[in-house]
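Q: Protein sequences, first through last, are from chains A and B.
Counting in my numbering, the first sequence runs from 1 upward without gaps.
Counting in my numbering, the second sequence runs from 309 upward without gaps.
Calculated from the structure, these hints are not laboratory results.
For clarity, every value in this text was computed on a predicted model and none was experimentally measured.
All residues carry an ideal CB built from backbone N, CA and C; glycine is no exception.
One thing to keep in mind: the hints can contain errors.
[Unchecked claim] Ranges between beta-carbon positions, derived for each pair:
1) B:ILE321 - A:GLY211: 36 to 46 Å
2) A:ASP170 - B:ARG538: 32 to 42 Å
3) B:HIS377 - A:PHE94: 38 to 48 Å
4) A:ASP210 - B:THR335: 52 to 62 Å
5) B:PHE407 - A:SER169: 23 to 33 Å
6) A:ILE31 - B:GLN478: 17 to 27 Å
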Amino acid sequence: MIGRLGRSLLPERHSASGTWRSWKWYLGNYIFILPFMILFCIFILRPILASFQMSFFRWEIFGPKPFIGFENYEELLTDDLWWVALRNTVYFAFLTSALLTTIPIFIAIALNMPFRGRNVFRTLFFFPYVLSASVVGLVMRWLLGQQFGIVNHLLGSAGIGPIPFIADSDLVIPSLSVITLWWAFGFPMLIYLAGLSNIPQDIYEAARIDGARGWQMTRYITIPLLRPIILFVAVTQLISHFQVFAQPYVITNGGPAQDSFTVIFYMFRAAWTYFRMGFGTAMAVSLAVIIMAFTLLQFRFGGRRLEY
Amino acid sequence: MQVEARPQEETDINVQISRIALYLLLTILAFAILFPFYWMVATSLKTNPEAFYYPPDFIPPEPTLEHYHEIMTRGDINVPRWGWNSLVIAVATTAVTLFVTSLAAYGFARLDFPFKNVIFIVVVFTLMIPSQIYMIPNYLLVRDLGWLDTYHAVIWPAAPNVFGLFLLRQFFSTFPRELEEAAIVDGASRLRIYWQILIPVNRNALIALGIFVFLHSWNDLFWPLIVLSRVENRTLPVGLAVLAGAYGAGDSFSEPALIMAASSMSSIPVLIVYVIFQRRITQSFMLTGMGGR
C-alpha cells in the first residue's frame, strides 16, 4: 500500500517501484522502525513463542529438558493449588474490578461539580496511585494487623472486632480488594472525569427545563452517557487485576495458608523458587488464554466511539 | 450536579444541605486517604517498642529519627541506594522508550514501506497478551546475556512499548499533511520532519507518555524482583518488598518503626515530585488511560 507521503514525495519513484531508487527509499523508511522492531522481536515476540514451546517441555534450570507434550497442562488440571490460585485470582479480579469500576463514578461526579477546592481533592485522591505497591502493601499491613493494627484499635474503641483482616481465610481476598481500591481508585476517577467533561452541558439544561433534578440527572443522563467508558474501565480493570502479584507478595505472602495464592504468585513460586520453568510457562499460557478472552470483550465494546 | 451553577437556586435549603453532604463525604474520603500516610510517618518517628504500645499514641511521645539514621548506615536496608537504582533505571527506561517508540511511531504514521500494515497489526496484537508470559523466557535470555543484577536487565526489555507506539502513532497521524508537505518542498529530510516538526508539535503527548513510562518503571515490582537479586542492586519496590518478607511477623512486623521509616523515606520524594507536577501527572494519566482518545 502506498500512502500519501510516498505519493506526494516521490511521484516518479512510485511509478518506478521495484527499481533500485525506490528500494533505497523504502530501506530508509525501515530504519525508523528498526530499533523498535529489533527490541520488539527480542523481548516480546520471541518470549511469547518461547513460552508456548517451553510449556511442552519438562524445563528445569538444571538437567535434561525432555519434550513431554501436554503433561504440564495435565498436571495443572489435577493440581489443587492451581485451582485454589485460579479461584482466588478470579474472585479478587472480579471483586476489585467491580469496586474500581463503580465507586469512582460517584467520586468523579462529585468532583465534577463546581465548588471551591475541588482540584485539591482531585490531586489528593489520585496520589495513592503514584505510590508503588510495596509502599502501599507495607503501610496497609501495618494498619490492618489484628493485634497491633491501628484500624482494629479504632474499631475496638467502637466496640467492634478485632477483625483479622489479612489473617483470615475468608477476609483476606476482600481485604486485598479494598486495599487495591484505596491504592488505585484515582485512575478510573480521572478517566470518568475526562468522560464527564465531554458531556455537553446543554443536555442538562434541557433536562432541567423538563423538571429533572439531582439524582435523576445522574441516573438517567450521566450514567447512560458514560456507559461506553464504564465498560472500557470494567474490562481494562478486569484484565489488569487478573495479573495480580504485588499485593499477595508484599502483604500476605500468599497466606493465610494458601488463601491469597494467585496465578501469577504461583507462577513466580514455581519458576523462581522451584525452578520449574516449563510448568511456570504452562501457567502463564493458561492465564494468557483466559485474559485474552476478556480482551476480545474489550475489542467488542471498546471499538465504539462515544456519541452524544 | 449543576445545582451551584444557578445563582437563583443558591438559597434553596436543599442545595445547602447537599453541598454540606458533599463536603462531608469528600472530607471523610480525604481523611481515609491521608490517615495511612500520617500513621506511616508517625510510626517511623517512634521506637520499635513504642510502636507496639497499647493504647497506641497517635502522636509520637518522643519523636526520634533513629530509624532514619539506622537506614543510612545499615547495609541491608539501603533505601538511598535503592532510590538511586530506581532513578537511574526509570530515567534510562523513559529516555530509551521515548526514543525508539517515537521513531517507530513516525515510521508507522507517516512513511511507507512494504508490509507496513502487517507488521503493525502483529505488533499491536501483542497488546492483548499479558506481559507475564514474557517473563520466564526473558529471564533465561537475560541470564544467558550475563545481565542479571545489571541495569540493562531492567531497561532494555521495557523499551519496546507497544502501547506507547500505538498512542504516539495516533498523535503523529493527526498532524496536518499540508504542513508536512510544505516542509518537504522546503527540502526537509525525513529525519528533520521527525525531529524538528513532529517531536516539538507533539511535545505534550510525549511528556504524557514519558510520565506514564517513568512511573511504571519506578513502581514496577515483578520483573526487577526476578532479575535484581543482590541487596545493593535492588530498586525501591524490590527492596521494600523483600523487607516485608524479612521483617514480617504474622500479619504485622517485628520492627514496624524501622519498616515505616523505610516506607516514608521512599515515598516522601514521590510526594514532593507529585505535588510539584500534579497537573502534568494527572493529565498524563487522563490521556494515556483513555488510549489517546
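Q: Tell me the numbers of any earlier hints that the structure contravenes, in ascending order.
A: 1, 4, 5
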